[in-house]
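Novice: As a plain string of letters, each chain reads:
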Amino acid sequence: MYVIIAGAGKVGWNLARELLERGDEVTVIEQDRRRYLTVEQELEHAVQYGDATELWVLERAGIQRADLVVAVTGDDEDNLIICQVAKEKYLCERIIARCNNPRNLTHFKLLGIQPAVSATDLILRLIEHEVPRYGLVHLLDLPEERLEIIELVVGDGCKAAGRRVADLSLPEGVLVISVLRDGSGFVPGADSVVEAGDEVLIVLDPGLEGDITQLFVANGASGASA
Amino acid sequence: MFVLVVGSGRVGSSVATSALRAGHTVSVLDEDPLSHERLDVELGRSWEDAGGRFTIGTALELDALTEAGIEEADVFIASTDGDNTNLVVAQLAHRRFDVPKVIARVLDPRRAAWYAEQGLHTICPTQIAIEQLEKAALEIG
Numbered sequence: 001m002y003v004i005i006a007g008a009g010k011v012g013w014n015l016a017r018e019l020l021e022r023g024d025e026v027t028v029i030e031q032d033r034r035r036y037l038t039v040e041q042e043l044e045h046a047v048q049y050g051d052a053t054e055l056w057v058l059e060r061a062g063i064q065r066a067d068l069v070v071a072v073t074g075d076d077e078d079n080l081i082i083c084q085v086a087k088e089k090y091l092c093e094r095i096i097a098r099c100n101n102p103r104n105l106t107h108f109k110l111l112g113i114q115p116a117v118s119a120t121d122l123i124l125r126l127i128e129h130e131v132p133r134y135g136l137v138h139l140l141d142l143p144e145e146r147l148e149i150i151e152l153v154v155g156d157g158c159k160a161a162g163r164r165v166a167d168l169s170l171p172e173g174v175l176v177i178s179v180l181r182d183g184s185g186f187v188p189g190a191d192s193v194v195e196a197g198d199e200v201l202i203v204l205d206p207g208l209e210g211d212i213t214q215l216f217v218a219n220g221a222s223g224a225s226a
Numbered sequence: 001m002f003v004l005v006v007g008s009g010r011v012g013s014s015v016a017t018s019a020l021r022a023g024h025t026v027s028v029l030d031e032d033p034l035s036h037e038r039l040d041v042e043l044g045r046s047w048e049d050a051g052g053r054f055t056i057g058t059a060l061e062l063d064a065l066t067e068a069g070i071e072e073a074d075v076f077i078a079s080t081d082g083d084n085t086n087l088v089v090a091q092l093a094h095r096r097f098d099v100p101k102v103i104a105r106v107l108d109p110r111r112a113a114w115y116a117e118q119g120l121h122t123i124c125p126t127q128i129a130i131e132q133l134e135k136a137a138l139e140i141g
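Read top to bottom, the protein sequences are chains A and B.
One point on numbering: in our numbering, the residue at position 10 of the first sequence is 10, and numbering is uninterrupted.
One point on numbering: in our numbering, the residue at position 99 of the second sequence is 99, and numbering is uninterrupted.
Where hints are given, some of them may not hold.
[As the list claims (entries may be wrong)] Okay, derived cross-link-like pairs now, DSS-like style, lysine-lysine, Cα gap no bigger than 30 Å in a straight line:
id : chain 1 : residue 1 : chain 2 : residue 2
1  : A       : K87       : A       : K10
2  : B       : K101      : A       : K87
3  : B       : K101      : A       : K89
4  : A       : K10       : A       : K159
5  : A       : K10       : A       : K89
6  : A       : K109      : B       : K101
7  : A       : K89       : A       : K109
8  : A       : K109      : A       : K87
[To be verified] Covered stretches of chain A (in silico footprint by chain B; criterion: 3 or more residues with CB under 8 Å from a CB of chain B, positions within the stretch not fixed):
id : segment
9  : 45-58
10 : 70-78
11 : 83-97
12 : 106-115
[As the list claims (entries may be wrong)] Across the chosen pairs, the derived CB separations fall in these ranges:
id : chain 1 : residue 1 : chain 2 : residue 2 : range
13 : B       : Q118      : A       : L37       : 46 to 54 Å
14 : A       : G62       : B       : P125      : 47 to 55 Å
15 : A       : P115      : B       : K101      : 28 to 36 Å
16 : A       : I127      : B       : I128      : 24 to 32 Å
17 : B       : H121      : A       : K89       : 12 to 20 Å
18 : B       : T66       : A       : G207      : 31 to 39 Å
19 : A       : G62       : B       : A116      : 19 to 27 Å
20 : A       : D32       : B       : L138      : 33 to 41 Å
21 : A       : L126      : B       : I130      : 44 to 52 Å
Hints are computed from structural coordinates only; laboratory data are not their basis.
Even for Gly, the Cβ is constructed at its ideal location relative to N, Cα and C.
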């Protein structure tokens, strides 16, 4: 596989090293002269000096025959343009973009630059997983399919505790798919009773989390500490 | 017309002041508060007193673009000092906010030409300089 990597920062350099070790052919493009000279001592001809947003630099690196273009500079605009040009002008089949500011992910999406990887976003998700707000964990988000699966612990004294699933008056688009109690799980029926301390898995349409939180989190437990 | 200028350097601020003098509603977005002074100086009076709008923020921030009035803009001019910033923000203005007229300043002639082929209205000062220099040189020669 021939891979062009734009940006020889920590991400680009380490990525190049791993890919070369796997036996892939790699060209890294770096626009900072000093950084280029440093990286070149190790990567030798696998790194080229230049601005990867300039078409001739990409062409010199052989973008026409690249199987994959990875844009991992520290600048989101540059990563967007490099990937857009690779995909739409040079018809490169696979692109991967780094998104430094997670707020820019929406721009990558709008311009069809996917996948866009944001380390900040990944860490935020991990934090959410480790330190769940209101005891709610996102297990799966499928924004395209408009589906989420969340896990939460039923709070003491919340509206749902002690009630049958059928009596929860769950909003449309919400389904309790499993209940984990005392280490064993079951798929609840309409008559199953939800108890405080249960871990429940819920599948729902995006945007309904607020309603769910109200039902399953004890009154007053939400907000303040989050 | 409502004209939104993103990037108020020499080019952006001049276009913004001419548009304001011509009676248009003009809003300027720039990350550097100093660019506001440039507007005052070029205009010869306070930008706000003359009816201009100014927002501090970076081009890719949706909140800043909204505050600057992108949703009402008839004309959008991307004139920051970064080609790629201009190309990205111009595409946002066009695709996300449906601004009727979007113009991006792009210094690199090849990128300007390719994006123009894709339907983006680009203006390339470098290309203009090349043509004028060629013309001037030949006239002298």
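Novice: With reference to the structure, classify each hint as holding or not holding.
Specialist: Structure-based check of all given hints:
no.	hint	in the structure
1	A:K87 / A:K10	holds, 24 Å
2	B:K101 / A:K87	holds, 26 Å
3	B:K101 / A:K89	holds, 24 Å
4	A:K10 / A:K159	violated, 50 Å
5	A:K10 / A:K89	holds, 28 Å
6	A:K109 / B:K101	holds, 22 Å
7	A:K89 / A:K109	holds, 18 Å
8	A:K109 / A:K87	holds, 14 Å
9	45-58	holds (count 4)
10	70-78	holds (count 4)
11	83-97	holds (count 3)
12	106-115	holds (count 4)
13	B:Q118 / A:L37: 46 to 54 Å	violated, 36 Å
14	A:G62 / B:P125: 47 to 55 Å	violated, 30 Å
15	A:P115 / B:K101: 28 to 36 Å	holds, 33 Å
16	A:I127 / B:I128: 24 to 32 Å	violated, 50 Å
17	B:H121 / A:K89: 12 to 20 Å	holds, 18 Å
18	B:T66 / A:G207: 31 to 39 Å	violated, 21 Å
19	A:G62 / B:A116: 19 to 27 Å	holds, 25 Å
20	A:D32 / B:L138: 33 to 41 Å	holds, 38 Å
21	A:L126 / B:I130: 44 to 52 Å	holds, 51 Å
Hints 4, 13, 14, 16 and 18 from the list above are not met by this structure, while the remaining hints are.
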